[in-house]
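2 protein chains.
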Amino acid sequence: MTSAARPGLAGVQALCFDIFGTVVDWRSSIVREGQLLQQRLGLPAQDWGSFADDWRAGYQPAMHEVRTGALPWTDIDGLHRRILDRILARRGLVLAEADAAAFNRVWHRLRPWPDSVAGLYRLKQCFTITSLSNGNVALLVNMARHAGLPWDTVLSAELFQHYKPDPEVYLGAAKLLGLQPAQVMMVAAHPSDLRAAAACGLQTAYVPRPLERGPGGSLETWQEGEFDVVAPDFVALARQLATLQI
Amino acid sequence: MTSAARPGLAGVQALCFDIFGTVVDWRSSIVREGQLLQQRLGLPAQDWGSFADDWRAGYQPAMHEVRTGALPWTDIDGLHRRILDRILARRGLVLAEADAAAFNRVWHRLRPWPDSVAGLYRLKQCFTITSLSNGNVALLVNMARHAGLPWDTVLSAELFQHYKPDPEVYLGAAKLLGLQPAQVMMVAAHPSDLRAAAACGLQTAYVPRPLERGPGGSLETWQEGEFDVVAPDFVALARQLATLQI
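Line by line, the protein sequences give chains S and B.
Its first residue numbered 0, the first sequence is counted upward by one per residue in numbering that gives the first Met the number 0.
Its first residue numbered 0, the second sequence is counted upward by one per residue in numbering that gives the first Met the number 0.
Please note that the accuracy of each hint is not assured.
If several chains are the same, the list does not tell them apart, and a pair holds so long as it fits within one copy or across any two.
Cross-link-like lysine to any residue pairs, in silico, SDA-like; alpha carbons within 25 Å at most [to be verified]:
id : residue 1 : residue 2
1  : Lys-174   : Leu-243
2  : Lys-123   : Arg-108
3  : Lys-174   : Asn-103
4  : Lys-174   : Phe-159
5  : Lys-174   : Gln-124
6  : Lys-123   : Leu-158
7  : Lys-174   : Ala-195
8  : Lys-123   : Cys-199
9  : Lys-123   : Arg-144
10 : Lys-174   : Ala-101
Since the hints were made in silico from the structure, they are not lab data.
Small disclaimer: the values here were computed from a predicted structure and weren't measured.
With these hints in hand, go ahead and build the complete structure from the sequences.
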């Protein structure tokens, strides 16, 4: 889907990855740690799947408050904690401060999809690979060490003081990498993220993650041909992109 | 040399590395590429050691111009190119634009000291490891891919729009890593860099590089006991710091 004015897929030098849902499976990671927490602290039994969904659902409205200026710049750790405190209160759960702080950092310990690490190692052979996430730098660095994600560097909305899908994030990433937007490919499981990247001139790769929202979850709709590449996982993405390299 | 108010060396969670001279050997890398360039283009024979020294010598004054506001923010690629053009003119060397641009990027291809890669892999097992360099992000990412430097992330003066030794760089790095300054150790071959880091509350590791300025070069002076750790190379540094970890 490249136009004549763009270098086309063969000009891509760097891949920027959305993280939550694209590289790591936030829902099952939170369910897993929630169950361990429940057992350790003797909490009343919870539906940790809906707990995870509530936590994630609070995320866009919280970022929106930052984007509109209703909240001053607050990093994702801070936003996650605000949302967590509300969910705990709503469910009548009381955690000691140390337990709440440690549970809030589950987002630093999210586990990768089974193909993520293998695919990233293959992609790194041909391309600069970076995160491009609304997660803060410390969260992304800790996650990479925990999950074994071999980033060339960590790029975050925090560096631009703007959250995706603001254009400052996509354009800022290309600038920091010393590249034109068309030399950068955004990889994401979310069509809305890819559309915002494409509007800034980035190339796009769609990797659907049908399990992101659990067994009964649904995917955002998208049009055939809307993205430059569509791949079922990162290993397949590496295979597809390798055929474009010299 | 830790005071009672600091967590001490056992509290260190991240190591930030100076790059030029500390991790990579800029002088011999430039001599090597200069000789290859001379041969390829049939240039008059040059003393590439003094060429490299001149290039590096222009660096502090150029950053000073940015620091004082005489120049607007200019990244290191831009500063290196300004200096290179002056050296070429002074030596009566004329390069095609593409050759000058490619040679300017020798700073993206600097070669590591022999112990750097092995030492970084060992240090990464226990600590978050990052660059903390006046080099721009693109330069540092390209260098890491070229030299095989396994950073957890790339941190650069560019992210703070201040050059070392301005405190914004050291304090900004700790903040992005989500750490207190005393939980971060600056590793450098230059006492001046370490003193500025220590003034911001960072821990310090001095790794002298006696060959940085060539066979006849001299080291900056320093006092015994001035730095928290002194090690002859990165492998020895890893061994020393490992004894402090639980």
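I'd like to know which numbered hints this structure contradicts. Please list them from smallest to largest. none
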